[in-house]
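Working from the sequences, and respecting the hints, build out all of it.
These protein sequences, in sequence, are chains A and R. Counting from 2, one number per residue, gives the positions in the first sequence under my numbering. Counting from 2, one number per residue, gives the positions in the second sequence under my numbering.
Honestly, the hints are just simulated from the structure, not real lab data.
Each pair may be met inside one copy or between any two copies, as identical chains are not told apart.
Below are the BS3-like pairs computed for lysine-lysine, each with C-alpha atoms no more than 27 angstroms apart in a straight line:
#	residue 1	residue 2
1	Lys56	Lys213
2	Lys18	Lys56
3	Lys56	Lys212
4	Lys33	Lys68
5	Lys213	Lys18
6	Lys213	Lys64
7	Lys33	Lys18
8	Lys99	Lys127
9	Lys33	Lys66
10	Lys77	Lys212
2 protein chains.
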Amino acid sequence: MYAENKLFKNLPEQYLKRIPFYHQILSELALKNEAYVSSRYLAGFFNVDETQIRKDISLTGYKGKPKYGYSVQGLKEAIEAYLGINYHNTAVLFGAGKLGTALIEYEGLADYGLEIIAVFDNNPVKIGSPVGHFNILSPSALPRVIRSFDIGIAILTVPKTAAQEVCDQVTAMGIKAIWNFAPLQLSVGMDVILRNENLAAGAALLSYYLKKSNHRQEGP
Amino acid sequence: MYAENKLFKNLPEQYLKRIPFYHQILSELALKNEAYVSSRYLAGFFNVDETQIRKDISLTGYKGKPKYGYSVQGLKEAIEAYLGINYHNTAVLFGAGKLGTALIEYEGLADYGLEIIAVFDNNPVKIGSPVGHFNILSPSALPRVIRSFDIGIAILTVPKTAAQEVCDQVTAMGIKAIWNFAPLQLSVGMDVILRNENLAAGAALLSYYLKKSNHRQEGP
DNA sequence: AAAAAATCGTGATTTTTTTCTCAATAAGCG
DNA sequence: CGCTTATTGAGAAAAAAATCACGATTTTTT
Chain A
2 MYAENKLFKN
12 LPEQYLKRIP
22 FYHQILSELA
32 LKNEAYVSSR
42 YLAGFFNVDE
52 TQIRKDISLT
62 GYKGKPKYGY
72 SVQGLKEAIE
82 AYLGINYHNT
92 AVLFGAGKLG
102 TALIEYEGLA
112 DYGLEIIAVF
122 DNNPVKIGSP
132 VGHFNILSPS
142 ALPRVIRSFD
152 IGIAILTVPK
162 TAAQEVCDQV
172 TAMGIKAIWN
182 FAPLQLSVGM
192 DVILRNENLA
202 AGAALLSYYL
212 KKSNHRQEGP
Chain R
2 MYAENKLFKN
12 LPEQYLKRIP
22 FYHQILSELA
32 LKNEAYVSSR
42 YLAGFFNVDE
52 TQIRKDISLT
62 GYKGKPKYGY
72 SVQGLKEAIE
82 AYLGINYHNT
92 AVLFGAGKLG
102 TALIEYEGLA
112 DYGLEIIAVF
122 DNNPVKIGSP
132 VGHFNILSPS
142 ALPRVIRSFD
152 IGIAILTVPK
162 TAAQEVCDQV
172 TAMGIKAIWN
182 FAPLQLSVGM
192 DVILRNENLA
202 AGAALLSYYL
212 KKSNHRQEGP
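Structure representation (C-alpha cells):
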C-alpha cells in the first residue's frame, strides 16, 4: 500500500491516489457517450469538496471549459498521459494460485496498460499446464524471459512464505517494480518501487466501521 | 477505496488506514516469538516518522513501555479490540468467479474476523457446484440466509454489469456494508458503508512511479 | 545508588491537504 | 448584444497530518 520509496515524496500523494478513480469513472462515462463532466459530479463519488477535484485535475495540466466542465474524452486521455498508462508496461506474474489466476483474467489491468507476459510457479505439478492463455513456466526460464521482453514489473501472488525469496530473485535480475499481494512486508532496495496490496486490510476497516455504526445506533 | 459515508469523518482517517498494517507486522513478529517492538522498527515499513506511529497507536489506547517499546502480543490484541476484528463479522459473497474464489480461499480474511457464510452466483450452471468448502447458492436463497445468519457484509465479486443490481438487492435486504471489487462506482444510501477495491488502481500507480523513475534516470 | 541509554508520550511547530471565496470565462437566452 | 447562469481556476484560509523537541519513565550499567 505504501511505496517505501522516498524518491517521489515531493508530489501530492493524496491527490495522486484519487486519479485512477477518476479514470475509472471517466471510462464509464465514455461508454455512455457523455461528452462533459463537472467537478461537482466527480466529487459526488468521494468525500471531498469539488474544489479538490479541480486541484487534482490541474496536476495533469488538463483545462476544463467554464459552464461545461471537462471533456470526458480529453480528461481521460490527459490522465492516461499523466499516469503513463498509455505507455505499455510489461510484467511477469509469480504464483499461479487462485489470486494469480484472478489477476491474469482481470479485465482492468489491460485498461491500465499493464500486460502480463508470462506466468511462473514453483510447483512442478503446475509447470506446463495452462492458466488463462498462458502456460505456466518454471522459474528457471525467468532470466531469459526478463531479458527478451524487457520486463519492468513483477506481480507476486505467491504464499507469504515464498514471497521474500521470489522478490530477491526478481530484483536481482533487474526488475524495478514489485506489486506484492502476499500478506507480509517485503524488504527491497531503495531503487525498487514496491507496492503492497493487503486485501485483508479492507476487511479490517469494514469491520471497524461496522462496529462504530452499531455503537452509534445503541449509544447517544 | 473511499467510504462515501460522512458519519465517521471526525476520526483520523490516515492513521486508521495504517493500523491494519501494524497488525499484519505484529502477527509476523508474534510468529517469530518477538516480545517487544519499537515505534522506530514499525516506522521502517512506512514513509512516516516514528512519532507518527506512536500517535497512531495512542488511538487504540494501548501504552508502551519506555526503553522496551510495545508488547507485540499486547499491542496486537489492542488493535484487534480497536478495529473490532476480534468481533465476529459475517458476510455473504456474490460472484463465484476467479476473484471470488480467491477471496474464499484467502487466508487473511479469517485473521480479521470475517467469516464468509455463503456464496451466491446468478449463473444457473454454477449453482449447486462446490467452491472451496461451499456449495454455490441461487440468489433466491439470499433472504433466508441473511435472516438466519444475521449477515452484515456483502462482498461483491460480480462482473461490473451486474454489480449495481446485486448491490441494490442486498441493501434492500438490510445489509449494512458492501465490499465492492467490481471496477465501477456503486451508488448506495447514506446508511450503507461502502468500500471499493480497485485492483487496477494499483497498476495505475505503479505505472506512474515507473514512468517517473525512468525520467529521473534520463533527465537532470 | 547514581548515571547512562533507550524509548515512550505529548505539546508545539511545520507541512500538507482540504475547503472557502470569488473573479474570470464561456454558453444560452431574451 | 447584454444579461444570466454554470462552472472553472486560483489565491487565501482552515483543517488535518506529520514532524520536531523534549520531559518522563524504565532498564541497564557502572
